[in-house]
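K.L.:
The chain contents come next:
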Amino acid sequence: MPAPKIVTVTSGKGGVGKTTSSAALAAGLALKGMKTVVIDFDVGLRNLDLVMGCERRVVFDFVNVINNEARLKQALIKDKRVENLWILPTSQTRDKDALTKEGVGRVLDELKSEFDVIVCDSPAGIEKGALMALYYADEAVVVTNPEVSSVRDSDRILGVLSSRSRRAERGEPPVKTHLLLTRYDAARVSKGEMLKLEDVLEILAIPLLGIIPESPSVLRASNIGLPVVFDAESPAGRAYNDAVGRFLGETIEHRFLKPERRGFLQRLIGRAA
Amino acid sequence: MGLFDFFRRERSASHAKERLQILVAHDRVGRDSPDYLPLLQRDLIAVIARYVEIDEDKLTVELANDGISSMLAVNIELPKSRSQKTGVRAPSGALRVRPQLA
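Quick mapping for you: the protein sequence lines, in order, are chains A and B.
For what it's worth, the numbering used here labels the leading residue of the first sequence as 1, then goes sequentially.
For what it's worth, the numbering used here labels the leading residue of the second sequence as 1, then goes sequentially.
Simulated from the structure, these hints should not be mistaken for laboratory data.
No more than 20 Å apart at the CA atoms, straight line, and that leaves these computed lysine to aspartate or glutamate pairs for EDC-like: (1) A/K5 x A/E139; (2) B/K17 x A/E202; (3) A/K32 x A/E233; (4) B/K17 x A/D185; (5) A/K196 x A/E260; (6) B/K17 x A/E147; (7) A/K35 x A/D79; (8) A/K73 x A/E114; (9) A/K196 x B/E18; (10) B/K17 x A/D199; (11) B/K17 x B/D27; (12) A/K128 x A/D138; (13) A/K101 x A/D138; (14) B/K17 x A/E198; (15) A/K112 x A/E102; (16) A/K5 x A/E110; (17) A/K5 x A/D138; (18) A/K128 x A/E139; (19) A/K128 x A/D95; (20) A/K258 x A/E214; (21) A/K191 x A/E147; (22) A/K191 x B/E18; (23) B/K17 x A/E193; (24) A/K258 x A/D199.
A few chain A positions that, by computed beta-carbon distances, are all more than 12 Å from chain B: (25) P2; (26) K35; (27) C54; (28) V58; (29) T93; (30) D97; (31) R106; (32) D116; (33) E139; (34) H178; (35) L226; (36) G249; (37) P259.
Not everything, but these chain B residues come out facing chain A in the computed CB check (under 8 Å): (38) R11; (39) S12; (40) A13.
The C-beta atom is built at its ideal place from N, Cα and C for all residues, glycine as well.
Pulled out of the complex, with its shape left as it was, chain A reads as follows (with noise of 0.2 Å):
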């Protein structure tokens, strides 16, 4: 078995969809055999619990743990839906300075004795609370839109990542980078409306995890508390697991890079989830 792994889900810019990758990658890997762990990093703003439909089970979580409040197996949720996956939330009332380097590397430590994976899904910003995220990386998926100020922000992210993270401070090998990006319209990039793909690597020049479209069943996975890599159907779900695989090594094309053909039919009552 491989030594296990952290993996920071980051962005710097809010909004881009940290969140519902890293319940969908977390998802995506236990589906996969890999015995995940997905942290919530955002104290104060707790919303993975939501995202993984587990919001009602929350009784202690990391900052308690943190402060030797609880103990890691108290505040650990185990996912009712699928083996291997657990969810570690966050605390909703205080506040970012309730981490600190010392606690997060303890509970981390704790879970690298459990786990395959450790998936740690960053706030937004370059502050405390996505410092402590991505300090202990060992990798990171840099979710980032087709828009300015997106690839702005994940050049930004990416600067800290290769110069605060434990990593960088230890002068070990750089936090190995991917590029997730996602809500990408096809059909606008062909108009010219939309930045491309191409545009978006030949700025921030990392390797390409995963291209997500832009798809209703993002949302409507978000409104059941379902990771979105269970609707197998759905051409985001799709896209999720094929990041999940290539994540794990394997080759697999890039898909959704072109828009969708539509028949005749399905232009005229206009766009079907």
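Since the structure of chain A is already known, use the hints to place chain B on it.
P.N.:
Below, chain B without anything else, positioned relative to chain A:
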């Protein structure tokens, strides 16, 4: 929608790319400058102030990187009257120090 509007919409993604390329290049320059530069600037001012009176705003420290070598450029503008008194020669009113770093 006129023809002009059509072409304007057509090109918005390439505008986005051009703007981003400039912006990101600029961001990266600031990000890559080492954090000792402000301290170096402070120390240089202190040393030079022992010999000549200088205006802190008239000293700049910059690091340029062309990929092969780094050039540290220190620009100090000396006040004319003061430099004459202390005997420091600065024909153009400026002292340029350009040591080559590896």
